Amino acid sequence: MNKHEVALRLQDVHASLAGKEVLRGIDISFQLGRWTSIVGPNGAGKSTLLKAMAGLTQTSGNIFLFDQELRMMSPKQRAEKLSWLGQNETVSDDLCVWDVVMLGRIPHQEWLAPPNVNDHQVVKTVLQATQAWDLRKRSLGQLSGGERQRVLLARAMAVRAQIMLMDEPTANLDPPHQVDWLEQVHCLTSQNTTVISVLHEVGMALQADDVVVMQAGLVVHHGASASEQTHQAIEAVFDNRISIHNFQGQFVALPKI
Amino acid sequence: MTSQFNRWPPAFLATSLLLLGIFGIVLGASVGSTGFESWFAAFQDEIAWQIIWDIRLPRSVGAFVAGALLGLAGAIAQGLFRNPLADPYLLGSASGASLGVAFALALFGGNPFATEFLIRLGLTGAAFIGAVLAVMLTIALAQGVQHTLRLLLAGVIVGVVLGAMASLISLLRPDVLQGMQGFLLGSTSFIGWNSCALMFGVLLVCMGLAFFLSRVLDALSLGELTALSLGMPLAKARLVLVTLLALATGAAVAQTGLVAFVGLAAPHLVRSLIKTKYNWVILLSTLMGGLLLLLADLLARLLLSPQELPVGVLTAVLGGGYLLWLMYQS
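Taken in order, these protein sequences are the chains called B and U. For the first sequence, my numbering puts the final residue at 257, and the numbers step up evenly by one. For the second sequence, my numbering puts the final residue at 1330, and the numbers step up evenly by one.
You may find that some hints are simply not true.
[Claimed, not checked] Here's a subset of chain B near chain U, in silico, CB distances under 8 Å, partners left out:
#1 L56
#2 K81
#3 W84
#4 T90
#5 L95
#6 S139
I should point out that these hints are in silico values taken from the structure, not numbers from a laboratory. Note that the coordinates shown come from a computational prediction; the quantities given were computed from them, not determined experimentally. Just so it is clear, CB atoms sit at the ideal spot from N, CA and C, and this is done for glycine as well.
For reference, chain B alone in the conformation it holds in the complex:
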């Protein structure tokens, strides 16, 4: 497959929340098999952009998923190709971890069909990848915030979609599990999955291949995470209150005091 194929493309996308325009004309495209982080100050429209790309909010303009228009696709078609992990979704405490992750297989199942061997295999694999295999018999109510986040991550990965959209996926994760998450994302992109994540932590966001910088409903910069311009754009949207440094080949964001 061509590495430069476009997985997701947005043309002049607008969206409003409660009468206020939150996305004010977004033109952007995401390449297949790359990891892109979206950063920006609070209220910049990052989560709304992610929802718009998942077809979960009303938008005007065009969104193309592999050259097919998103709103022309059936919900099932879309769900097979695109997996979305939200932030602060209230999840019922009653289901057990195994069942929760199995729900990620819904897009691939016939309406009343029980899970097949492949579904079971996928659920097992993603549970092991997120270090949640030992939790599989517990109900969500019995888990800590970080454990729960890993299970929800496994649920999103169980879709095995070509595009994964994740809103604050590392929230509640302790440092070792954040590193695990990074490894899983690298593993996903190496299998040609396109990963797009909203991340608050700038240091984490700079681990991605590319960074999209947003401010006030607009994309102000889209570039490689290693580039100097990207760093300047990030510093600028955060009022130059942070500075980005190269530390042994990785980038860190430090507060300017």
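Since chain B is already given, all that's left is putting chain U on it; use the hints.
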């Protein structure tokens, strides 16, 4: 392969509940002012046979089916509104049914303990129509079923306003007061075979459709947006589920009056026994609701025998006690 990690497999629980239900129905047919002897006499004595076949059996079966409808409605409501405190009456059907009954009583001037068939039928019909109209009013006020919070609020408003109107009627016509109270407390005394058949038909249809949509309820437990992202047809499913909720509740309320807590407690009890997906929760809550109302009905007939308590009083006390216990547990 779901719920392979539970203490009891769901099929085992379902079978147990069903067997307990059948046992309860047989027991229910043995309890009454003429006692257990009616069974022995039933084959010789025509009156004894009538007591069992025409009074006790339909009453017990009816209690089970009405409870089952409420349990099913409770499971649907809690799944649809993603709220463990949701109960079948929350879209206004209870106060709608009360208003319907208040109207009918004021018109007929009778009370629900009157045995004339036409009056009974009139009251049942009025309660059902009242319940369904109230839900439709709630939906209209909420401008559709897609906004669940708005739907809940509209349900509260409709409940309060229609309840006040029913009270106003009984204030203006004090002769309907006793009849109204009887209805509000709930009773299984007057269920005949026709009512049983009607409720059972509604139950089968509602269960079938709810079962068909159980996957949507499962996905909804991850959140509305996540359910949408999984490709669930949320808009259509909501419409069908709200209709089922109104239909099941209306059918039960019309025959038994406002039986408290069964619809709320049944899914809770199921979930405290087992963590499983909605296809099982729906079936198990239905059976559990049936069993609860059947047991409450038995107790209502036994406690002060040969007098009997309105069954709603018992479900309120038992259900309230259970919820209180649950509250201190967590």
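Each hint tested on the structure:
Because the closest C-beta pair between L56 (chain B) and chain U is about 5 Å apart, less than 8 Å, the hint holds. For K81 (chain B), the suggested interface contact is broken, since its CB lies about 10 Å from the closest CB of chain U, more than 8 Å. Interface hint at W84 (chain B): satisfied, since its Cβ lies 4 Å from the closest Cβ of chain U, which is below the 8 Å cut-off. With a least beta-carbon distance of about 6 Å to chain U, the hint placing T90 (chain B) at the interface is held under the 8 Å criterion.
This hint holds: L95 (chain B) has a C-beta 6 Å from the nearest C-beta of chain U, less than the 8 Å allowed. About 5 Å separates the beta-carbon of S139 (chain B) from the nearest beta-carbon of chain U, less than 8 Å, and the hint is met.
Checked against the numbered hints above, the structure violates only hint 2.
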